[in-house]
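Chemist: Hey, can you work out the whole structure from these sequences and the hints?
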Amino acid sequence: MTAVSETIAPAKPMPQRRTNLYFVWCGVLGDPVARVAAAIIILLVLMAIFAPWIAPFPPNEANPALRLMPPGTEGHLLGLDNQGRDILSRIIHGSQLTLISGILPVILGAAISIPLGLIGAWYPRLGEVIMRVMDVLFAFPMALLAIMLAALMGPGLVNMMIALVITLVPYNTRVVYAAARQERELAYVEASRAMATPDLKILFVEMLPNVVAASIVYSCTIVGAVVITAAGLSFLGLGVQPPIAEWGIMTSEGRSFVFVAPHIAAIPGLAITLLVMAFNLLGDSLRDSLDPKTRLTLVKHRPGPGGG
Amino acid sequence: MSILSFAGTRLLYAIPVLLGVTVIVFMALQLVPGDIALTLLGRMATQEQLVALRQELGLDRSLVVQYLGWLASLLQGDIGHSISQQLPVTQILMPKIGNSLILMAGSLFFVLTFGFILSVLSAPRFRQLTDKLVVGLTLVLASLPVFWLGIVLLYFFGFKWKLFPISGMYNMVNPGGFGQLLHHMILPAIATASSSIAVVTRVTRSRMIDVLGQPYILAARARGLSRHKIVLRHAVRNTLPTFANIGGLQIGYLFGSVIFTEIIFNWPGVGLLLFDAILQRDVPVIQGCVLIVALVFVLGNLMSDVIVHALDPKQR
Numbered sequence: 001m002t003a004v005s006e007t008i009a010p011a012k013p014m015p016q017r018r019t020n021l022y023f024v025w026c027g028v029l030g031d032p033v034a035r036v037a038a039a040i041i042i043l044l045v046l047m048a049i050f051a052p053w054i055a056p057f058p059p060n061e062a063n064p065a066l067r068l069m070p071p072g073t074e075g076h077l078l079g080l081d082n083q084g085r086d087i088l089s090r091i092i093h094g095s096q097l098t099l100i101s102g103i104l105p106v107i108l109g110a111a112i113s114i115p116l117g118l119i120g121a122w123y124p125r126l127g128e129v130i131m132r133v134m135d136v137l138f139a140f141p142m143a144l145l146a147i148m149l150a151a152l153m154g155p156g157l158v159n160m161m162i163a164l165v166i167t168l169v170p171y172n173t174r175v176v177y178a179a180a181r182q183e184r185e186l187a188y189v190e191a192s193r194a195m196a197t198p199d200l201k202i203l204f205v206e207m208l209p210n211v212v213a214a215s216i217v218y219s220c221t222i223v224g225a226v227v228i229t230a231a232g233l234s235f236l237g238l239g240v241q242p243p244i245a246e247w248g249i250m251t252s253e254g255r256s257f258v259f260v261a262p263h264i265a266a267i268p269g270l271a272i273t274l275l276v277m278a279f280n281l282l283g284d285s286l287r288d289s290l291d292p293k294t295r296l297t298l299v300k301h302r303p304g305p306g307g308g
Numbered sequence: 001m002s003i004l005s006f007a008g009t010r011l012l013y014a015i016p017v018l019l020g021v022t023v024i025v026f027m028a029l030q031l032v033p034g035d036i037a038l039t040l041l042g043r044m045a046t047q048e049q050l051v052a053l054r055q056e057l058g059l060d061r062s063l064v065v066q067y068l069g070w071l072a073s074l075l076q077g078d079i080g081h082s083i084s085q086q087l088p089v090t091q092i093l094m095p096k097i098g099n100s101l102i103l104m105a106g107s108l109f110f111v112l113t114f115g116f117i118l119s120v121l122s123a124p125r126f127r128q129l130t131d132k133l134v135v136g137l138t139l140v141l142a143s144l145p146v147f148w149l150g151i152v153l154l155y156f157f158g159f160k161w162k163l164f165p166i167s168g169m170y171n172m173v174n175p176g177g178f179g180q181l182l183h184h185m186i187l188p189a190i191a192t193a194s195s196s197i198a199v200v201t202r203v204t205r206s207r208m209i210d211v212l213g214q215p216y217i218l219a220a221r222a223r224g225l226s227r228h229k230i231v232l233r234h235a236v237r238n239t240l241p242t243f244a245n246i247g248g249l250q251i252g253y254l255f256g257s258v259i260f261t262e263i264i265f266n267w268p269g270v271g272l273l274l275f276d277a278i279l280q281r282d283v284p285v286i287q288g289c290v291l292i293v294a295l296v297f298v299l300g301n302l303m304s305d306v307i308v309h310a311l312d313p314k315q316r
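Residue numbers (our numbering), protein chains in the order written: chain F, 1 to 308; chain Z, 1 to 316.
Note that these hints are calculated values from the structure, not bench results. We put the CB at the ideal spot given by N, CA and C, even for glycine. Honestly, I wouldn't trust all of these hints.
[Stated by the list, open to error] Residues from chain Z that keep clear of chain F, each with C-beta distances beyond 12 Å, as calculated: (1) Ala37; (2) Leu74; (3) His183; (4) His309.
[To be verified] Some, not all, of what chain F presents toward chain Z, calculated at C-beta under 7 Å: (5) Phe140; (6) Met148; (7) Ala151; (8) Met153; (9) Gly156; (10) Ile272; (11) Thr273.
Modeler: This is the structure we're talking about:
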């Protein structure tokens, strides 16, 4: 769909027909707040990738003489923790697992939800069964289901990820299911059926690109919540295990020393807040720019790089 | 449809969901690595106890039979025995539920009050400074991890300025009194409420902006009603169903946050019990806590549906 309109565009200008990508481009990049959010996320991702090279110290190198020292200590910008480890280095290294445990479950959850939702929308009986199962999963508050699954499978990064994926599937499936149900009624699907296109080809070749947008937007809006949930699981001791650096477990370790050295818990928590805020801002902006109700006004009012 | 019959139908719909919940909590036991009987009895169990429990659970029989047996004892109020405390789970769980519900009620109060005030302040001033400030505030509140906010509140209000107690529900030396309970509850309730305040405000605000754009609001203005009266009489009235709906949905979400605030503020509720059970790998207690929370969640949603139904004439 995207490729077609891009190849047609230079031949004859078609301002009426815009692709979703165009709206994302203008809506998100035309919004200064979203630009800042995107910049923060890109910076954090770069920080995670190049952590071993930019961190001043290895994450677990301890200097017991300087333990609990506050931010601004010579050579240790953000201070040291209860074991004398450099907090800045641990924040930089910890960004890796914090980002992975927030983003990977969302991607895996979407990868399971999209086929589930599509197939459910196509075969009504099966769809009814799938959605009733999802209803049952909805009966658990999100954090609680993840906590129960992670607690029973045993602590650890992989088990935490599995628990988060299972927790996320019902939310995303509902989004895909609703989008696919609408899509199913459209003329092009009927045309494909009339041409005797196999069901699976209609679903995964014709309908998938149109349904995927809804799922992606939804996924972007929940990454923030998933980062918090993942950090929360590590905080409870169910996710990443010490001494590995991760922001949730760093907050948890700092809790025991909050009255002596409040910065140990304050700094990783602040980092989580910043990351989640950036994801939430970007997700909101993305949703607005893809929502047919608001996207035209956004593009009109914002002098975007796409020209508007 | 009258309210009663509506509530009755909704209750009937809730039963299969609750049955599904029990299936999931039962099946979750299969996730535990290793021998189930050993998991349920703990490492201190004797060989005879293990054999007896295996017999009782019917571990040699099919999962369906095991589930039905488990469900039967569940319906009689038997969730199993705690490994760490050697007591029936129900007996440990019951007093904690009340404590958690008290904290939840407190935070729900903050959620509804602040959600309402912030929406009424911001929606009529759409895109003005007040509105932008409120939107900014909801963004911050929605991004704060509850466990961190709890620690921050604890440090400043409890430790540094000594305005509020830092742990528990009552004073250890001289327990009792409703005032003392409120004093202990304020910090954990605010920490629990924060992200839900953001959600409720966002949804209620955008609904109220929609309402304020309706023709009947224009008509009211044409008749010369003050903005004050329009907002309070017309806009608020028509926003209430949405407000009640999103407020009710927070019940489950608050339970997710309560787990963390109870740990940080040492509040003797289900969350703290769950945390201890996780540390001791006390599987029956974990199952009991999850079951109870899911039950409260489903019933809470049902209650809010009934309230929305009562508030919204269009649904009748």
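Chemist: Can you name, in rising order, the numbers of the hints this structure does not satisfy?
Modeler: Failing hint: just 9.
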